[in-house]
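S.K.: Sequence:
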Amino acid sequence: MVEASKQVVVGLLTDPDLPSRLARRLGDLLADELARHIDNGTSWTVGVIADPFEAMYPDHDYLIDKARERVRDTEWDLALCLTDLPMYDEQGVVMAKVDAAHRIALISLPALGGIRLRRRLADLAVALTAALQQQRTPTLADDLAKRLPHTRVDRGATDDTAQLRYTGAAGLPRLLGGMIRANRPWQLFVGLSTALAGALAGTAFGVLYSTIWQLATALGPWRLTAATIAALTTLTTWIVAGHGLWQGRESTGATDTLDRRLRNAGTLATVAAGATAFSAALYILALAAVALVVPPDYLAEVLHRPVRVHDYLAMALMATILGIIAGAVGSGLENDNTVRKAAYSHRERERRQRAEQLRRA
Numbered sequence: 631m632v633e634a635s636k637q638v639v640v641g642l643l644t645d646p647d648l649p650s651r652l653a654r655r656l657g658d659l660l661a662d663e664l665a666r667h668i669d670n671g672t673s674w675t676v677g678v679i680a681d682p683f684e685a686m687y688p689d690h691d692y693l694i695d696k697a698r699e700r701v702r703d704t705e706w707d708l709a710l711c712l713t714d715l716p717m718y719d720e721q722g723v724v725m726a727k728v729d730a731a732h733r734i735a736l737i738s739l740p741a742l743g744g745i746r747l748r749r750r751l752a753d754l755a756v757a758l759t760a761a762l763q764q765q766r767t768p769t770l771a772d773d774l775a776k777r778l779p780h781t782r783v784d785r786g787a788t789d790d791t792a793q794l795r796y797t798g799a800a801g802l803p804r805l806l807g808g809m810i811r812a813n814r815p816w817q818l819f820v821g822l823s824t825a826l827a828g829a830l831a832g833t834a835f836g837v838l839y840s841t842i843w844q845l846a847t848a849l850g851p852w853r854l855t856a857a858t859i860a861a862l863t864t865l866t867t868w869i870v871a872g873h874g875l876w877q878g879r880e881s882t883g884a885t886d887t888l889d890r891r892l893r894n895a896g897t898l899a900t901v902a903a904g905a906t907a908f909s910a911a912l913y914i915l916a917l918a919a920v921a922l923v924v925p926p927d928y929l930a931e932v933l934h935r936p937v938r939v940h941d942y943l944a945m946a947l948m949a950t951i952l953g954i955i956a957g958a959v960g961s962g963l964e965n966d967n968t969v970r971k972a973a974y975s976h977r978e979r980e981r982r983q984r985a986e987q988l989r990r991a
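With the sequence shown counted from 1, adding 630 to any position gets you our numbering.
Since the hints were made in silico from the structure, they are not lab data.
Check before you lean on any hint, since a few could be wrong.
Pairwise CB distance ranges, derived in the manner of DEER restraints [stated by the list, open to error]: (1) A665 x T704: 21 to 29 Å; (2) T704 x A918: 49 to 57 Å; (3) A911 x L845: 19 to 27 Å; (4) I668 x D784: 23 to 31 Å; (5) T704 x A860: 51 to 59 Å.
C-beta atoms are modelled at their ideal positions from N, C-alpha and C, and glycine is treated no differently.
Model the full assembly from the supplied sequences, consistent with the hints where possible.
M.R.: Below is the structure:
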């Protein structure tokens with residue numbers, strides 16, 4: 631048992647990308663947070679190591695086992711391991727797994743959701759550290775339940791293990807939001823130069839041609855909305871199907887089926903969110919271009935009536951729709967690897983490849 635007034639070293643072991651970035655920021659403030667919330671005279675030190683521990687061979691081991699193996703030879707007193715892999719079982723989404731005997735906790739970042747992620751991670755890290763530091767194995771689940779009132783704590787196979795889940799029905803939507811955040815959909819189109827060029831060309835066509843203005847102002851809001859949804863659906867479907875992001879059936883096992891469905895849902899939601907962000911940016915550019923290029927007097931002559939503000943809004947939206955369609959066609963010409971970075975199925979294949987390389991080494 632850790633005694634008061636003793637220095638305790640808390641280690642943060644993280645996957646690459648988002649977990650590593652969050653861990654570095656958490657490491658800067660965790661010691662102060664622990665001192666403020668755990669008033670027992672302990673002096674806290676926090677260390678951070680970025681290492682893809684989830685790829686350790688054998689690949690079929692549980693993540694908590696891989697984390698335990700990775701930190702076994704460190705000088706850490708406690709270890710919090712952060713991964714961007716979703717964790718779930720027949721009972722639902724798992725936010726964290728705790729092994730009090732080895733003083734390790736595994737945190738699944740996607741389960742924390744896509745908003746207020748830093749704050750939620752900090753609160754969870756403090757609660758898990760406090761429970762592990764006390765090392766009262768028989769009452770581990772009770773301690774965690776008191777510190778995390780909106781979390782359901784399930785006892786594991788033994789008294790020194792536990793799993794944390796959110797109460798209520800928010801677990802799966804929160805998990806999907808976290809998977810989208812981990813994939814960073816706003817960066818999906820940054821490297822798609824061909825799609826971007828096509829989108830800008832299509833938008834420019836809509837901005838400059840008077841026939842498009844007349845069509846945009848003639849359509850009602852419902853038709854414009856339906857056209858926008860259809861264009862976004864086309865772009866999303868084109869990217870997912872054209873670059874092989876959808877993972878087909880690999881086995882008949884229930885766990886594999888659930889895993890595949892969740893990865894596909896995360897990939898589809900990521901691409902849809904990226905397409906929406908891309909289209910919103912395109913709309914802002916189109917609106918600025920329409921306002922700059924088309925004088926109100928000239929537009930009134932084309933429309934044969936007085937100009938209203940929503941005419942410009944409709945024109946910009948129609949130009950954006952044309953740009954989205956052109957961008958969808960251009961995305962089909964992009965390199966598959968550039969697009970597949972947004973897919974959880976692709977990330978899973980990369981992990982398996984790393985595991986195989988480690989096995990052969």
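S.K.: Next, verify each hint and record whether it holds.
M.R.: Status of the hints after comparison with the structure:
no. : hint                    : in the structure
1   : A665 x T704: 21 to 29 Å : 22 Å, holds
2   : T704 x A918: 49 to 57 Å : 54 Å, holds
3   : A911 x L845: 19 to 27 Å : 23 Å, holds
4   : I668 x D784: 23 to 31 Å : 24 Å, holds
5   : T704 x A860: 51 to 59 Å : 54 Å, holds
Comparing the model with each earlier hint shows no violations; every hint is respected.
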